[in-house]
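J.: Residue strings, one per chain:
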Amino acid sequence: MQDRYKHCYMDIEEVKQRAGPREFGPTDDMPEEYRKAATRMIQFHANSEIMGAYIERPFIRQAPSLDRKLAVSAQVQDEIGHGQLLYRAAENLGIKTREQMLDELANGEGKFLNCFHYPLDDWYELPMIMFFVDGAAMRRQATLKRTSWEPYAHAIDKICFEEGFHIKHGESILAELASGTRRDQERLQEAFDKWWPRILQFFGPTDDQSTHSDFSSAVGLKTMGNDALRTAFLNVYLPKAEKYGLEIPDTPAVTFNEDTQRYEVEEDDLDWDEFMQIARNQYPQGKGQIDKRHRTQEAVEWVRDAIENPGAGSAAAD
Amino acid sequence: MASARLGAPGDLSEREREAVEALLYQLADDEFVVADRYTDWQCQGPTLEADIAIANIAQDELGHARLWYDLLQDFGYEETELIWEREAEEFRHATLCEQSFESGDWADAVVRSYFYDVAEFLQVEALAETSYPRIADRIEKVNGEEHYHREHAQNWLERLCEDAEGTRRVQAAVDDLYPYALTLFEPTAKEDDIVELGIRPTPLAQLREEWYDLTGAFLDGLGVSVPDREALDDLVAEETGRDGSHTDDWQRQYNELTYTYRMLDRTEARRLMADPDEV
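As given, the protein sequences belong to chains A and B, one line each in that order.
Every letter in the first sequence is one number past the one before it in our numbering, and letter 242, counting from 1, is 242.
Every letter in the second sequence is one number past the one before it in our numbering, and letter 192, counting from 1, is 192.
These are computed hints drawn from the structure, not numbers from a lab.
Note that the structure is a prediction, hence the values are computed from the model and not measured.
Don't be surprised by glycine CBs; every beta carbon is placed ideally from N, CA and C.
Among the hints, a few may not be true.
Covered by chain B, according to a simulated footprint, are these stretches of chain A (three or more residues, beta-carbon under 8 Å) [to be verified]:
1. 58 to 65
2. 245 to 251
Restricting the straight-line Cα-Cα distance to at most 30 Å, the calculated cross-link-like pairs of lysine-lysine (DSS-like) are [said to hold, decoys possible]:
3. A/36 x A/194
4. A/292 x A/243
5. A/240 x A/158
6. B/190 x A/158
7. B/190 x A/168
8. A/36 x A/158
Over the 12 Å line for every Cβ pair with chain A, so calculated as not near, a few chain B residues [claimed, not checked]:
9. 12
10. 70
11. 209
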């Protein structure tokens with residue numbers, strides 16, 4: 001008995017020792033601290049997929065060709081599918097059910113990526129999400145193929161595969177606009193100026209400022225720090241932006257440090273107050289997005305009632 | 001009364017070509033507009049699974065629209081002329097397709113899709129006998145997917161009707177949508193030629209009878225009532241779509257649909273996928 005117990009239960013020290021790619025799964029009896037940290041991370045990711053789908057949604061109808069309409073619809077659908085996969089991976093940790101997590105999202109308690117708190121104004125802004133933000137997300141996700149919670153890594157495999165198509169489509173929209181009329185190019189640049197600081201903030205505060213980083217890294221949930229991820233992103237995407245004729249704004253200042261081989265961003269040039277307001281789900285536009293989610297979920301509550309308790313009729317009227 | 005096989009697109013007489021075009025516009029516009037409406041449900045579905053399923057259906061219907069518009073391109077039209085630069089009143093879809101959804105009215109989505117899919121199934125079955133070879137080529141692809149759509153709608157109707165509130169909502173949707181559903185069988189100006197030339201040998205009026213029997217029997221089994229057969233002619237919505245008359249919902253949908261195209265001041269619609277003839 002004693003041995004078996006020892007075999008199944010892991011304390012934090014053992015978790016840290018064993019932590020490696022896809023090391024733990026539903027058959028391991030993980031300490032609560034690990035399960036909570038993993039839930040927080042995966043729930044955040046799942047919420048981000050749903051809210052990312054929300055801001056892209058209007059462009060299914062507004063897409064300017066039949067093929068683009070099909071592609072945007074498929075993309076939004078994929079993101080809902082990613083949300084579904086991720087909630088399942090999070091549910092496996094035994095901390096929260098999917099319903100709880102979806103309720104938290106609709107109630108404004110669920111957290112999600114900063115960029116998805118800003119609704120998109122028009123088609124010119126779409127590649128800011130579909131190319132740059134999705135590209136940034138891809139950088140982060142690629143490192144999560146080596147996360148220690150196996151169900152998460154498994155979901156990431158499928159997500160990365162599909163996300164690759166989304167980024168290609170985003171790049172195709174970007175390329176079309178960048179090679180359009182002068183007016184197209186100007187509007188594209190305006191969209192880029194507006195989104196660039198938000199994209200830089202996508203990776204969150206620098207490592208020394210990040211609250212949950214240490215523990216998540218120690219137990220192998222997170223495999224790369226915010227700073228390194230941002231550099232990896234900029235290495236690829238700065239040249240791409242330039243390739244499409246976009247000018248990188250002077251502020252926030254981005255410089256390459258030859259010694260560390262890293263990009264450095266002048267942190268004071270970024271609006272961290274707004275970022276923190278977003279992190280608390282209190283940024284007005286983001287709150288608008290959450291409220292929308294809340295209303296649409298409430299409007300279909302009757303369907304869930306009908307299929308979960310058939311025959312019960314309208315419970316609200318009783 | 002088998003009709004003579006029609007020739008290739010370039011060999012049609014004027015009468016033949018006009019009839020083929022009228023049928024193709026009807027088919028393509030129905031698919032395009034109903035699909036675009038289904039996408040209203042993306043991110044709004046009652047469950048994540050429902051959301052994903054209706055997105056699938058929307059994309060299938062968009063794919064069908066693409067197949068039919070592509071046959072119109074045989075006559076030299078471009079996608080821009082067929083969709084993006086056409087005036088709202090030139091569209092020939094039935095007004096069932098364009099109705100906006102009340103927020104949360106999933107019963108509407110399910111009933112509409114059921115009405116539409118049964119009609120499409122019957123239409124496609126009738127087209128299996130078409131005298132126009134280009135349409136015959138496309139039928140199999142459309143048919144395979146419609147089967148799944150019908151099953152999806154029927155499953156949802158069954159689930160909703162196990163519940164009192166669900167049944168009430170389904171009945172309300174049937175009552176609201178019925179006049180518009182009937183517009184699916186309203187003729188275009190070329191209906192007589194379409195039938196006589198065997199492009200679709202079965203008249204729409206006959207398809208409506210079959211549709212009425214099929215949908216009526218199924219809904220009756222769920223405890224949902226439909227109008228009497230004798231009442232149908234008077235019930236058809238005033239705006240049928242087939243003659244270019246539409247409800248206000250269409251103008252709003254059209255404005256949104258064409259918003260980006262107009263904003264970008266485009267003269268071409270970007271193709272990303274291979275031509276259906278090359279697949």
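J.: For a quick check of understanding: which of the numbered hints are violated here, in increasing order?
T.: Checked against the structure, the hints that fail are numbers 2, 3, 4, 6, 7, 10, while the rest are satisfied.
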